[in-house]
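Quick note, the sequences are listed as chains D and P, same order. Numbering follows our numbering, in which position 371 of the first sequence is assigned residue number 502; successive positions increment by one, without gaps. Numbering follows our numbering, in which position 252 of the second sequence is assigned residue number 383; successive positions increment by one, without gaps.
Check each hint, because a few of them may be wrong.
Heads up, the list lumps identical chains together, so a pair's fine if it works in one copy or across two of them.
[Stated by the list, open to error] Calculated lysine-lysine pairs in the DSS-like style (CA-CA distance at most 27 Å, straight line):
1) 175 with 423
2) 214 with 419
3) 255 with 423
Simulated from the structure, these hints should not be mistaken for lab results.
Number of protein chains: 2
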Amino acid sequence: MSAFKYDLLKQDEGSQARRGRITTARGVIETPVFMPVGTAGTVKGLLPEALKEIGAQIILGNTYHLYLRPGHKLIQQLGGLHKFMNWDRPILTDSGGFQVFSLGELRKITEEGASFQSHIDGSKHMLTPELSIEIQQALGADIIMVFDECIPHPAERKYVADSTNLSARWAKRCREAMPAGSSDSALFGIVQGGMHTDLRKQSAEQLQEIGFEGYALGGLSVGEETSLMYEMMEFSLPLLPADKPRYVMGVGTPENLVEGVARGCDMFDCVMPTRNARNGNLFSSFGKISIKQAQYRDDETPIDPDCDCYVCRNYSRAYLRHLFMSREILSSVLNTHHNLYYYQQLMAGIRTALEEGRFHEFRAEFYRKRNQ
Amino acid sequence: MSAFKYDLLKQDEGSQARRGRITTARGVIETPVFMPVGTAGTVKGLLPEALKEIGAQIILGNTYHLYLRPGHKLIQQLGGLHKFMNWDRPILTDSGGFQVFSLGELRKITEEGASFQSHIDGSKHMLTPELSIEIQQALGADIIMVFDECIPHPAERKYVADSTNLSARWAKRCREAMPAGSSDSALFGIVQGGMHTDLRKQSAEQLQEIGFEGYALGGLSVGEETSLMYEMMEFSLPLLPADKPRYVMGVGTPENLVEGVARGCDMFDCVMPTRNARNGNLFSSFGKISIKQAQYRDDETPIDPDCDCYVCRNYSRAYLRHLFMSREILSSVLNTHHNLYYYQQLMAGIRTALEEGRFHEFRAEFYRKRNQ
Chain D
132 MSAFKYDLLK QDEGSQARRG RITTARGVIE TPVFMPVGTA GTVKGLLPEA LKEIGAQIIL
192 GNTYHLYLRP GHKLIQQLGG LHKFMNWDRP ILTDSGGFQV FSLGELRKIT EEGASFQSHI
252 DGSKHMLTPE LSIEIQQALG ADIIMVFDEC IPHPAERKYV ADSTNLSARW AKRCREAMPA
312 GSSDSALFGI VQGGMHTDLR KQSAEQLQEI GFEGYALGGL SVGEETSLMY EMMEFSLPLL
372 PADKPRYVMG VGTPENLVEG VARGCDMFDC VMPTRNARNG NLFSSFGKIS IKQAQYRDDE
432 TPIDPDCDCY VCRNYSRAYL RHLFMSREIL SSVLNTHHNL YYYQQLMAGI RTALEEGRFH
492 EFRAEFYRKR NQ
Chain P
132 MSAFKYDLLK QDEGSQARRG RITTARGVIE TPVFMPVGTA GTVKGLLPEA LKEIGAQIIL
192 GNTYHLYLRP GHKLIQQLGG LHKFMNWDRP ILTDSGGFQV FSLGELRKIT EEGASFQSHI
252 DGSKHMLTPE LSIEIQQALG ADIIMVFDEC IPHPAERKYV ADSTNLSARW AKRCREAMPA
312 GSSDSALFGI VQGGMHTDLR KQSAEQLQEI GFEGYALGGL SVGEETSLMY EMMEFSLPLL
372 PADKPRYVMG VGTPENLVEG VARGCDMFDC VMPTRNARNG NLFSSFGKIS IKQAQYRDDE
432 TPIDPDCDCY VCRNYSRAYL RHLFMSREIL SSVLNTHHNL YYYQQLMAGI RTALEEGRFH
492 EFRAEFYRKR NQ
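Whenever a hint applies, use it, and build me the whole structure from the sequences.
Structure follows, in C-alpha cells:
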C-alpha cells in the first residue's frame, strides 16, 4: 500500500493552473513545484540545510550518473541516497533514458534496452526498463520515472511513432517490475510523441491504460520553438487524469514555469538555475543579469533589491563579480543559492496567487516587471 | 588611541606556552589562535556563518591578491574588506611581501621596494612599505603587517644579513606611515634573519627599537628541516616582549602548532587545512587521510569518529570520497569545513589545557593518539 497521493486543492478559473499537494512517505510537496537538480548526489555547491532554507521540497537525482558513480548497489548498501547525501525530504529520480539519449553516437537502442558507453571511463553498459527500476529502487527514490527514449527534435515522423511505441512497451515493463501499491514509492509514466499531437494523444492513452501514480511530458525543451513547446503542453496536459500529478521534464526558464503552470503542469525540474549560477548568470524579478559585466565592478547593490535571500541580504554585485572573476568556489555557492531561491520564490508566489484566485494578475505582473 | 591590546592570562610552567587574549576594535581573540586564510576576500568554499560555527575568531586576507583584484581602492569605496566579504570579526592582512617573494623571476627588490609583474595579467607594479600600509589600511585590516622580504632557504649569509637590514629599514618606514596609536588597527613587526640566531637576535632588537603592537617570525616553513624551524622559534620567541602577541607566519601542520605554542607562539596562519581539504587530504586526531583512497569507497564511518563537526555528524567517508572523485563543489566545501574545524578544535583544546595547567599532558596525548 503506497503512501503516495495527489490532492487537487484548487483549480484556477481562468486557466488550467492548479494548486495541489503530493503526499509521500517522506513528506508533503505543495504544487506547483520546482525541483532542483542534484545530479550526482548533490545539488552542486549547496548544503542540504541551504536547500531547506530556500524552500526546496523535493530534489532530483540522476540514475545514469549515480549508476556509473558511485554505483546504486553501493548507495543501497550505505542506506540509500537520502542518507548518503543527508537529505530527508523526497527525491525523484529520472530513469537514465534522457542521459543515455544525450550520449549520441555512444548509445544504441534495441527492444531490450539501451546499450551505451560510460562518459567517465568508456566502459560498456546496457540499461533496460527493469534495470532502471532496480537502480531507482536501490537509490530509494520517492518518485520513480519509467525508462523511455527521449526523442530528438527534429525527427522523422516514423521514427517518432516507432520510438513512442517502444517507450510504451518499456513503460509496461517498468510497471510490471514495480506493480502499483508494491512500495511507498510512486511510478510515473512519461508521455512521448514528439511534436505530433496525434502521437502525444496515443502515448497518453497507452500510459493510462497501464496506469501510473503520476504522468510526465518528456521530449520537450529539446530545441523546439518555445511556442511549439507551449502548444504541446496545452494539447497534452488536459489528456492526463486530473487526480494525478503532471510533470513537464527538463523545463525551464522562469517564463516556461509560469506558462507551464497556466497549462496545467504541477511539477518542473531543470538545470537552468544551477548551471546558470555557475556561469555567473543570475535570475531576478526584472530578468537575468551576467555578473561578470564590467558595470557591476563597483555596484554595491544586491543582485535583486526585491529579493530577501541570504545572498541578496549580505553581498553586493561587486563582491559577487569579484568572486566570479577570481573563480572562487564561493561564487558558485552564492550564485546557486540565489538562483534556486529565485525559482522557489517564483513557485511560492504562484501557489499563493492560485490559493487567492489571482493567478491571472500574478502572471501579468510577472511580465510587467520584466519589461520595465 | 588604539583599541588594540594583549593580555597575558597565564604562563605555562613547563614550557614557554601562554594563554592570552588580544582585544581589537572588532572583538576579542583568545590565544593561542589559528587564523584561516581568506586570500582573495573569501576562505575558499566557506560561508562566513560556517567560519563562525567552527569557531574562527580572526581570518587572514592577502594584500597582494586584493591589491591586484579587485583593487584596494574599490574595496575601500565599498566600505572595506569586512563589509565586502560579510565578515565582522577581526581580519589580519599580510603585507604582500611573501607573495611578491614567491613570484621569483617576476620580481626585483631595491631600497625603494619590490617591483613585480602581476600573475594575473603580467602588468607591472611596485610595492613599497608605504603602499603596503596604504593598501592594508584601505582594506580596513585590524592587524597590519610590515612590508618585508621573506628570505629563501637556503641563502648566503651575506644575502640574509643585507636582506634583514633592508627589512628593518622597511619596517621603520611602515611605522612612520602608521604611527603608534594613530588608528584602531595594530601594526606588527616581522623578525627575519634566516636560520642564523645572531641575525634573528639583531632583527628582534631592531624591531623593538622601532616599537610595534605585536611581533611575528617570518621566513620560517620555507623548506628548512622541521627541527631547524623549532630551533629558530625556540631561540627567537623569548627575545620578543612578553606583553605583546607573537605570531609565527605561514605555520603549519597540527604538530607545528602544538610545538609552536610550546615555544611561546600565540598566533598562527597557514593554507594547509584549506588547501589540503581541496586536495582531499583530511585531518583527524589520528593523523591525515587521503579521502580518494579506494579503502573509503564503502566506508560508512565519518572522517573522524571523535570529531563532532557538521561534516562528521552528517556524512560518511564513502560520500566524501564520491564527491571528491566526481569533482563536486561540495567536496571542497565539506572538506574545508572539517579541516578548519579540526584546526580550531586543536587550538581550543590547547587553550583549555593551558587554563587548566595540563598543557604537558595535552601535548603527550596529542602524540599518543597519532601513534596508535
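Against the structure, the hints:
1. 175 with 423: both (20 Å within a copy, 19 Å between copies)
2. 214 with 419: This pair counts as between: shortest inter-copy Cα distance 25 Å, intra-copy 35 Å.
3. 255 with 423: between (41 Å within a copy, 24 Å between copies)
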